[in-house]
Structure formats: C-alpha cells, structure tokens
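Asker: These are the residues of each chain, in order.
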Amino acid sequence: MKFLKKIIVVTLLLFAFQIKALAHPHVFIKTELVICFDKNGISKLKVKYSYDKMFSEELKQYFDVNKNNIFEASEIENIRTKAFSNLINYSYFIHINSRGNKIKNGNVSDFTAIITDNGVFYSFTLNTKIPLSKAAKVYKIATYDHSYYLDVTYKHNSIKFDNTSNYTYTYKIIEDKSQAYYYKQIYPETIVLSIKKK
Amino acid sequence: MKYSILYILLMLSTISLLGQSNPIFSTEEVFEDTLKQTDSIYSNKTNLENNVVQISLFNQFIKKNASFQKEIKDSLATLAQDYNNTANFKIIFLIFLFAFLYGILHSLGPGHGKVFMFSYILTEKPQILKAITLSYLIALIHAISGLIVALILIFVLNEYSTSLFSTSNTQIIISRFSYAILIILGLYIVIKTILKKEHSHNINTQKTDRIKLIPFITSIGFVPCPGTIIIVTFLASIGLLSIGIISVIFIVLGMGITISVIGLTSIFFKKLIMKITINKQKSNQYIYHYISIFGAVLLIIFGVLFFIGTFLNK
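Chains as they are written, first to last, in our numbering: chain A, 1 to 198; chain B, 1 to 314.
Excised from the complex, chain A in its bound form (with noise of 0.2 Å):
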C-alpha cells in the first residue's frame, strides 16, 4: 500500500511537469498599467510592456532602419504593424473578467515604442469602458500570454489609478488559479480590483 502511495506521488508529479515538447517562454515582458476613471466608471487602461533585453535588441536590429538608436514615427509605424497588431488575437496580454464574466479590450490608441538604455518599451491605451456604480465589484484584470511564449508578468510597484476621487477601491495582486493557463499550469499575476463609487 505505502508503495502504492509512492506511486501515486511520483506520477502526479509527472504530470505536474507534463507539457508539450515546444514552447516555454522565450521573451519577457514586465508589465506596467494605469488604470484611468472618469464619471462613469474605468475609462480606459494605459500600458507599458518592457522588453528583456535580448528580444529588445531583435525588435532595434528589426525596425530601427537608420539605426540611429530612436524609433521615428513611420519606425512605430512598422512595428504597430508588423509586431503590435497581432496582439489583439492575444488580447493584448491584458484579460479582464468579472465573476467569471470576461470583459472585452476596448480599442487601442496611442501606441508608440521607444528605445531606451534597458531596452524596447512599447507604451498605448486600450480603450476599456467598465460602468461602475455604488455596489462594490471585484475585478480581475489578468496579464499573461496564454500561448507562454512570451513570460508576462507586472513590474512590481507599478499598478497605478488615475482620477479615483469619485471612487473607494482596494486591490492586490494575486496568482489567479482560476485563470490557469499553458495546460492549466501556470496561474497569472492578476490584479483584484474591488471597486464601487463614493
């Protein structure tokens, strides 16, 4: 029986590091989100992934044509493109959902990417309405790519909320099992957002 138990352990442990023979991340992304209000509710989501260094150098080799270490405006362009555009298949690593209930990304505005001494930044808005009224509501607002080719995770300390004052709302960061992704293996860092008007 004691034997029996060993394995038991042993395989569940074998499919706790069961996965496909691909993939494993391969570009890092820290994510940094302001979270804006207006009168109604959430107005919109500003965005800023920065990149790991090496996949920043490909995206500066790629796009940064005259090589002058900037990205002029028809350089973003390209990217927007050829290397953002894409991502609303992706949901822009950003997945928002109440009780369960998944709110759709709005649509994005203001991209731009910028070349800095750590490395590639893209920064835009995601259009994002979310109505809020005096009852409280807790939303999830989730950064992951599900496909974990990409490891996207939130720069700490970089969570921030712009014109609250008609609003009381605490929050944390968790690992959200409920959203596990990559064959259920990995939980995303989300954001508990527990919201209601003054």
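Simulated from the structure, these hints should not be mistaken for lab results. There may be inaccurate statements among the hints.
Pairs of lysine-lysine, DSBU-like flavour, derived with a Cα cap of 30 Å [what the hints assert, rightly or not]: (1) A:Lys-184 with A:Lys-172; (2) B:Lys-64 with A:Lys-102; (3) A:Lys-160 with B:Lys-125; (4) A:Lys-44 with A:Lys-129; (5) B:Lys-70 with A:Lys-48; (6) B:Lys-271 with B:Lys-125; (7) A:Lys-198 with A:Lys-134; (8) A:Lys-177 with B:Lys-275; (9) A:Lys-30 with A:Lys-177; (10) A:Lys-60 with B:Lys-125.
Go by the hints and put chain B onto chain A.
Answerer: The following block gives chain B in isolation, referenced to the frame of chain A:
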C-alpha cells in the same frame, strides 16, 4: 537502415523555418478567447488591503525559473555587447557559462519532452549510460535543428529577426505529427513487448531497437529550439556568429543535464519497482515486461493528451 534514413529525412522535412509562434510577430486570424473562467477566489480572499503577490509552490518554481532565464538572457545580451567593445577571454568564458546555465534552466521549464523521456526509459532496459546518451542526443538534435533554422534565417533569408519564425499552423502541424508518432511508437512497444513476453523469457536478449529509438529521438528532438534560434540570431546580429555557434554546444551540454536527470529518475523508478516486487517473490521478467508496457501506455496516453491539446490550446 533504409527505413531509418527515410524516416530521418521525413522528419527533417518538417523542420520548417517556422517552429513556434511568437505572438508579437504572428499574423493570425482573430479568434475569440475561449477562456473558461470560474468565480472562485472572491469568497476566500477578502483581505484586499495588502497589495502583494501571492505565490503558490509550483508556480513559484516556474516563475523563478522564468525569472532566472530572463536574467541570464539579459546578462548574455550585455556581455555580448561588452565583447564587441572590449574583446577578451573572460567575457567569452562568461558568455559560454551563461549559455550552459541557460541550457539547464531553459529545459527545466515546460517542454523538451521530459514526460515522454520518462515514459520511454521505462520501456527500456534500465541502463544509466544509455539514458544519458539518449538525453544528450535529444538535446543535440533539438539545438541543432534550432541552429539550422537560425543559419537559414541569417544566410538564406538575410534575416536577423525571428519574426519569420512565426506561423502557428506550422507549429501545430509539427506538434501533431510528433505526438502521432509517439502514439504509434507506444502502440508498437506494447505489441512488441507482449510478443516478446510470449516468445522469450530472457530479458537479457533484448537488443537496442533502432525502429523505436529513432522515431523517439527525432519526434522529440526535431522540434527546433526557439531559445537556440533567438540566441544565435542575436549574437549573429551583433557580429558574433561564431560565438553563437559555439554557444550552442554549451546550451546542449546544459539541456542534456536536465533531460538526463529525468531519464535517471525513470531508471531509479523502474529499479525500485523491480526491487520491491522481487522481494515479494514475483518473477523478475514478468515485472520487467509489465513496467515496459506501463511506460509504453504512458507514452500513448501523453501522446493522445498532447495531440488533443494541439486542438484545444489556442
């Protein structure tokens, strides 16, 4: 032998430029996210005062590993740029050291067929040297196929970006093909083991069977390693192609260690079972056959699960 060569050629033909998809570059049709979410955490997570990241053990491992990989890649990028400014032996040594560490950590994460390795080794005679050799062969082929893709990108397409390395459909087709082969291989081993049990009672007469070894190594290893591609194309892009190619050797050495550990665990597992069952006066050879069949069945089950997963995991 003739069939082995034909098989390898067939598998080689599936090494397209386009292994796994980078979402940043892919050009896919828009699909609806099919996340199935349940409301489960609100009731027991009432304290929203502390804005802290809560960590679970397994995720901590995955995330720590990802975090170390990021650090290593960042260090590699910095070192490579330093080398371009002031070339010296110490920097080269560090580049290779980090490539080696990257190999270990990279293969510790999801992927690289570790579960298939474990299952397959169960079907074999428990030989340490053989498990290590097999592990390094898988690592070598995995990295070399990545290197081939990187060199094609650089020399044929004159492309230092992995942006071309990005067609989901190709990845899915390769994956399905690999898993189908593993399923067939599992079935083959089950039948062969049962037949052997009926016709031969001497386990020492079992010889290495290339018919099952070659499909196994190739189906696991011939998936081009995106990590290798990214590192080689990056180093080539800053004029360090030769260092990039040598780095692949160190990546292989690192990956081989991780995969070997899985193989050796499998051997330990098999020996443990045999040892315990012998104490209970059961026939050694019967147990050996049953464990082999168990390994092959695992191979089939995982093959089926992953095969189905390619349809579900979008």
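Asker: Determine for every hint whether it applies to the structure shown.
Answerer: Verification of the hints:
1. A C-alpha spacing of about 22 Å is found between Lys-184 of chain A and Lys-172 of chain A, which places the hinted pair at or below 30 Å, so the restraint holds.
2. This hinted pair checks out: Lys-64 of chain B and Lys-102 of chain A have alpha carbons roughly 29 Å apart, not beyond 30 Å.
3. Restraint check: the Cα-Cα separation between Lys-160 of chain A and Lys-125 of chain B comes to about 58 Å, which exceeds 30 Å; the hinted pair is violated.
4. The straight-line distance between the Cα atoms of Lys-44 of chain A and Lys-129 of chain A is roughly 6 Å, inside the 30 Å bound, and the hint therefore holds.
5. Between Lys-70 of chain B and Lys-48 of chain A, the direct Cα distance comes to roughly 18 Å. Compliance with the 30 Å bound is thereby established for this hinted pair.
6. The straight-line distance between the Cα atoms of Lys-271 of chain B and Lys-125 of chain B is roughly 10 Å, inside the 30 Å bound, and the hint therefore holds.
7. Using a Cα cut-off of 30 Å, the hinted pair Lys-198 of chain A and Lys-134 of chain A holds, with the two alpha carbons roughly 6 Å apart.
8. About 39 Å separates the Cα atoms of Lys-177 of chain A and Lys-275 of chain B, which puts this hinted pair outside 30 Å; it is violated.
9. With a CA separation close to 20 Å, the supplied pair Lys-30 of chain A and Lys-177 of chain A stays within the 30 Å bound.
10. Restraint check for Lys-60 of chain A and Lys-125 of chain B: the C-alpha separation of about 51 Å exceeds 30 Å, so the hint is violated.
Figure legend: structure checked against the earlier numbered hints; hints not met, in rising order: 3, 8 and 10.
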